[in-house]
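Taken in sequence, the protein lines are chains A and B.
Under my numbering, the letters of the first sequence match residues 1 to 394, in that order.
Under my numbering, the letters of the second sequence match residues 1 to 401, in that order.
It is worth saying that the hints were derived from the structure and are not from the lab.
Hints are not guaranteed to be accurate.
Taking lysine-lysine pairs in the PhoX-like style, the calculated list, with each CA pair at most 20 Å apart, reads [unchecked claim]:
| no. | chain 1 | residue 1 | chain 2 | residue 2 |
| --- | --- | --- | --- | --- |
| 1 | A | 154 | A | 268 |
| 2 | A | 285 | A | 352 |
| 3 | B | 140 | B | 191 |
| 4 | A | 125 | A | 332 |
| 5 | A | 136 | A | 332 |
| 6 | A | 351 | B | 246 |
| 7 | A | 155 | A | 254 |
| 8 | A | 82 | A | 44 |
| 9 | A | 136 | A | 120 |
| 10 | B | 102 | B | 374 |
| 11 | B | 250 | A | 285 |
| 12 | B | 250 | A | 352 |
| 13 | B | 246 | A | 285 |
| 14 | B | 76 | B | 102 |
| 15 | A | 285 | A | 356 |
| 16 | A | 305 | B | 246 |
| 17 | A | 281 | A | 305 |
| 18 | B | 250 | A | 305 |
| 19 | A | 151 | A | 268 |
| 20 | B | 251 | A | 285 |
| 21 | B | 374 | B | 62 |
| 22 | A | 351 | A | 285 |
| 23 | A | 213 | A | 253 |
| 24 | A | 305 | B | 251 |
| 25 | A | 305 | A | 276 |
| 26 | A | 352 | B | 179 |
| 27 | A | 42 | A | 82 |
| 28 | A | 276 | A | 151 |
| 29 | A | 298 | A | 268 |
| 30 | A | 208 | A | 253 |
| 31 | B | 62 | B | 102 |
| 32 | A | 154 | A | 254 |
| 33 | A | 351 | B | 179 |
| 34 | B | 223 | B | 198 |
| 35 | B | 246 | A | 352 |
| 36 | B | 250 | A | 351 |
Calculated from the model, a selection of chain A residues having no Cβ within reach of chain B, i.e. all distances over 12 Å [stated by the list, open to error]:
| no. | residue |
| --- | --- |
| 37 | 99 |
| 38 | 109 |
| 39 | 124 |
| 40 | 340 |
Using N, Cα and C, we set each Cβ at its ideal position, and we do this for glycine too.
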Amino acid sequence: MNYEHCIRCTICVENCPVFRVNPDFPGPKQAGPDAQRFRSEKEKAQDEWVFLCSQCKRCEMACPCGVEPAQIILREQQRYGKEHPQTATHLLFANNYYLSALGSLTAPLANKFASTETGKNILRKIGISTYIPFPKFSFRTMRQGKKNLNKGTKKVAFFYGCFINFYRPDIGRKIVRLLAAMNVDVVLPPQWCCGLPALGNGNLALAKYFAQKNASSLSDYIDAGYDIVYACTSCGLCILHDYPGIMEIPQGKKIAESSYNLHEYIIKLINEGYAKPEFGKVRRKIAYHIPCHLRALKIGYPAQKLMATIPGLECEIFDDTCCGLSGSYGFKENNEFTAIQIGNRAVSLIKKTGAKNIVADCGSCRMQLEGLSGITALDPAEILCESLNITNQK
Amino acid sequence: MSVTEYDVVIIGAGAAGLTTGALLAERGFNVALVTTGEPTACLSTGCIDVCSCDENPLTGIKNLPPEHPFHLVDEKTIRQSLNYFQTVMMDMGMPYAGSIEKNRSVVSALGTFKTSCLVPSTMEAAPQNNTDSIHIVTFKGIKDFYPGYIVSRRKNTNFSVFDAGVYSIMSIASRFEDKNFFERFIIWMDKLRIDEDKIALPAVAGLESASEIVNSIAVLMGKPVFEIPTIPPSMPGRRLFNALKKYFRKKGGAIYWAWPVVGTEKTGKLIEAVTTHSEGRPNSINARAFILGTGSFVGGGLTATRQDITENVFNLPVHISGPRETWFDNDYFSLNHGIGRAGIIVDSSMRPADSPWNNIFLCGGILAETEILKNGCGHGLALATAHAAAQSCAEYLSHEL
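Starting from the given sequences, assemble the full structure and let the hints guide the process.
Here you go:
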């Protein structure tokens, strides 16, 4: 590990959204490279506070010396998780996939439960915070299989991710239509949770289990000539970075080589002359909140490039603020205060612009920012669809 | 519209890189900036040292040794670059005070005077000599600022300690933007009944709106207030970086973070693309021209080994003072370490000398013979050479079309 390269300049600490609001977290420098010097494989992991890190990876983006504090902390989270009994909330959120699947199956009931006071009280009792409305489960999830919308020569296997699947399959279906409009043959391959929630809750074994299942499925599609396209930036980062990295998935590198961010892929199609979308007017001002994990993908901001070509659309970028929710992080009651504080800062900057919509690639960012601000949050794909006049109606 | 094709790619996010980027973007070029992380500008005092060897920076520059890169830039461009900087910073809500014809002093965290040319307006009221009495307001538990150093050096200096409830510079600075916190702070200060001429704060008065915050304290207390730059984490340095970054972005520049350049693609006399690490497909960005503003050793532009010094991005020939014995003076605190002269020699068009590349332009600390510590010319040189590099690069790009 590269912690010896740390020159203790504290630039990472200045960029840590958690450190700024929660004095209990010693910051990425001390939790990462500093503490790592004293950690030994021979001793039991003892820094429970490593779980106060939300894994936004802002420290890694800021470090001038190429140290990866978040990665050091992530590894320590896995070690701690392995050597100590899992708490109920950690287990719950690591298994978010099964929980959501259950929620979707019983959607009317589950949504009713999560919206009543009694339900909220019970959620709080088990350590789940309820400051923003719990996302509504969707009864109708994404149907796997081939979407016979187009017969183009480009073939895409769409990794939609849990958020789209269980909560907002309408966005997922729009993305399928968007890709079809680019003359692409779309398939929804068999897929499971990407594994990131399990990783974030210190459960490497479970994360690997999910990752391996996905890897086998996606790998078959790559062999059959498909490109993988993901829409959720956190799923994407996990697939590109953690599959070949900390999870050591054998097919990891191969999958990373063939996986594209949705908007990156559309731009690729346009550049190759394969697709020629004609973007229509969308007269509106939007605040584009850049998810931390999009920054961490190191591909720039492709959705912004596409949106910049939409006539009438006025777009202001916010990439200095984290939304604070970080997937399951903010839903844990002991992180609630931290998540709200971080989110409010982002919201106060967005509100100053007078933007009509918040746009963000990440479902959990949208949930948090919409919950805290009351401004409707959209996926960039929804803006593109609006501009191209693509709807879910036939 | 490619994600990865630009007119210019800037390497390095310091004052030099961001300024060149903004200048080129203003001229209508499609600009991207790649950087390993945040620049050493974040660790700086935020002051713009132009040349601290003389009372008048312009005279100081004239007296620099002939090989100094400042001589590549004419006086008009130097003046223009500082004016441009002041306009940009005013636009970004972080005005700078000072004049190119006269250096001024800033009180350092050790109680000494630091000579600089342009300073953030939050430091404008700093005493220029030892006569003014000062009351320092510091914060409980703060680890990077000790008023004792200043009190022991200056007469008529006292200090009080405020309990902000948080103990890091960053956390206190972000509290200052909160209205309730600010009111609590002012009520507490009111009770101090300060007699001294001036009030000093370590540089923690906010992140985005420091200038307004310091102003309001001064108005409410009826006395001049100034900030004292701290050791890193340095808020004035961060504000400078944030403002330049915001301006660059406003002009349409794109920034790629955690993007250390590890390889290049070239044909003939041209660099075609730069590449970074990637778990998946090769991650590269194409451009017609490249600006190298990676700084020297701390910034990551140069690496020294036991034997020699290398340039990290394009492997350009590095100018060194001589064999290793000449790199360091025996006195650690000496300003005459030969290593301060290491860097890349450029021609008048800011292209690297003795190298085949036609589309690389250099600016800032990567240049040879700067001796930044000795001459006190870091940010000033960065801004001036940024203008020169942007000019050459723009001419090249227009000509190439």
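Now the hints, each set against the structure:
1. A hinted pair counts as satisfied when its Cα atoms are at most 20 Å apart, and residue 154/A with residue 268/A qualifies at roughly 12 Å.
2. About 12 Å separates the Cα atoms of residue 285/A and residue 352/A, which keeps this hinted pair within 20 Å; it holds.
3. Among the hinted pairs, residue 140/B with residue 191/B is consistent with the structure: their alpha-carbon atoms are about 17 Å apart, no more than 20 Å.
4. Our distance criterion of 20 Å between C-alpha atoms is met by residue 125/A and residue 332/A, whose separation comes to about 11 Å.
5. For the suggested pair residue 136/A and residue 332/A, the alpha carbons sit about 18 Å apart, so the restraint of at most 20 Å is met.
6. Pair hint residue 351/A plus residue 246/B holds up; C-alpha atoms about 18 Å apart against a cutoff of 20 Å.
7. Proximity of residue 155/A to residue 254/A is assessed by CA-CA distance (about 17 Å); at most 20 Å being required, the pair is judged to hold.
8. Note on residue 82/A and residue 44/A: the hinted pairing holds, with a Cα-Cα distance of about 10 Å set against a maximum of 20 Å.
9. About 14 Å separates the Cα atoms of residue 136/A and residue 120/A, which keeps this hinted pair within 20 Å; it holds.
10. Taking the CA atoms of residue 102/B and residue 374/B, the gap is near 18 Å; set against the 20 Å cutoff, the hint holds.
11. Simply put, residue 250/B and residue 285/A have alpha-carbon atoms about 16 Å apart, close enough for the 20 Å limit, and the pair holds.
12. Simply put, residue 250/B and residue 352/A have alpha-carbon atoms about 16 Å apart, close enough for the 20 Å limit, and the pair holds.
13. Taken as a hint, the residue 246/B and residue 285/A pair is honoured in the structure, with Cα atoms around 19 Å apart against an allowance of 20 Å.
14. Restraint check for residue 76/B and residue 102/B: the C-alpha separation of about 16 Å stays at or below 20 Å, so the hint holds.
15. Only pairs whose Cα atoms come within 20 Å are accepted, and residue 285/A paired with residue 356/A is accepted, the gap being roughly 6 Å.
16. Restraint check for residue 305/A and residue 246/B: the C-alpha separation of about 18 Å stays at or below 20 Å, so the hint holds.
17. Between residue 281/A and residue 305/A the CA atoms are separated by roughly 16 Å; this keeps the pair inside 20 Å, and the hint holds.
18. The straight-line distance between the Cα atoms of residue 250/B and residue 305/A is roughly 14 Å, inside the 20 Å bound, and the hint therefore holds.
19. For the hint linking residue 151/A to residue 268/A, the alpha-carbon distance of about 19 Å falls within 20 Å, and the restraint holds.
20. Taking the CA atoms of residue 251/B and residue 285/A, the gap is near 18 Å; set against the 20 Å cutoff, the hint holds.
21. This hinted pair checks out: residue 374/B and residue 62/B have alpha carbons roughly 15 Å apart, not beyond 20 Å.
22. Between residue 351/A and residue 285/A the alpha-carbon distance is near 12 Å, which keeps this suggested pair within the 20 Å criterion.
23. For the hint pairing residue 213/A with residue 253/A, the CA-to-CA distance comes to about 15 Å; that is within 20 Å, so the pair holds.
24. Between residue 305/A and residue 251/B, the direct Cα distance comes to roughly 14 Å. Compliance with the 20 Å bound is thereby established for this hinted pair.
25. Only pairs whose Cα atoms come within 20 Å are accepted, and residue 305/A paired with residue 276/A is accepted, the gap being roughly 15 Å.
26. Proposed proximity of residue 352/A and residue 179/B is supported: the alpha carbons are some 16 Å apart, at most 20 Å.
27. Of the supplied pair hints, the one linking residue 42/A and residue 82/A holds, its CA atoms being roughly 14 Å apart against a limit of 20 Å.
28. Between the alpha carbons of residue 276/A and residue 151/A the distance comes to roughly 16 Å, so the proposed pair stays at or under 20 Å and holds.
29. Pair hint residue 298/A plus residue 268/A holds up; C-alpha atoms about 16 Å apart against a cutoff of 20 Å.
30. For the suggested pair residue 208/A and residue 253/A, the alpha carbons sit about 15 Å apart, so the restraint of at most 20 Å is met.
31. Pair hint residue 62/B plus residue 102/B holds up; C-alpha atoms about 14 Å apart against a cutoff of 20 Å.
32. This hinted pair checks out: residue 154/A and residue 254/A have alpha carbons roughly 18 Å apart, not beyond 20 Å.
33. Between residue 351/A and residue 179/B the alpha-carbon distance is near 17 Å, which keeps this suggested pair within the 20 Å criterion.
34. Annotation: proposed proximity of residue 223/B to residue 198/B holds, straight-line Cα distance about 6 Å (limit 20 Å).
35. For the hint linking residue 246/B to residue 352/A, the alpha-carbon distance of about 16 Å falls within 20 Å, and the restraint holds.
36. At most 20 Å may separate the alpha-carbon atoms for a hinted pair to count; residue 250/B and residue 351/A meet this at roughly 18 Å.
37. Every CB of chain B is more than 12 Å from the CB of residue 99/A (nearest about 29 Å), matching its label as outside the interface.
38. Under the 12 Å C-beta cut-off, the non-interface status given to residue 109/A relative to chain B holds; the minimum distance is some 41 Å.
39. The Cβ of residue 124/A sits about 27 Å from the closest Cβ of chain B, beyond the 12 Å cut-off, so the non-interface label holds.
40. No Cβ of chain B comes within 12 Å of the Cβ of residue 340/A; the nearest lies about 14 Å off, and the non-interface call holds.
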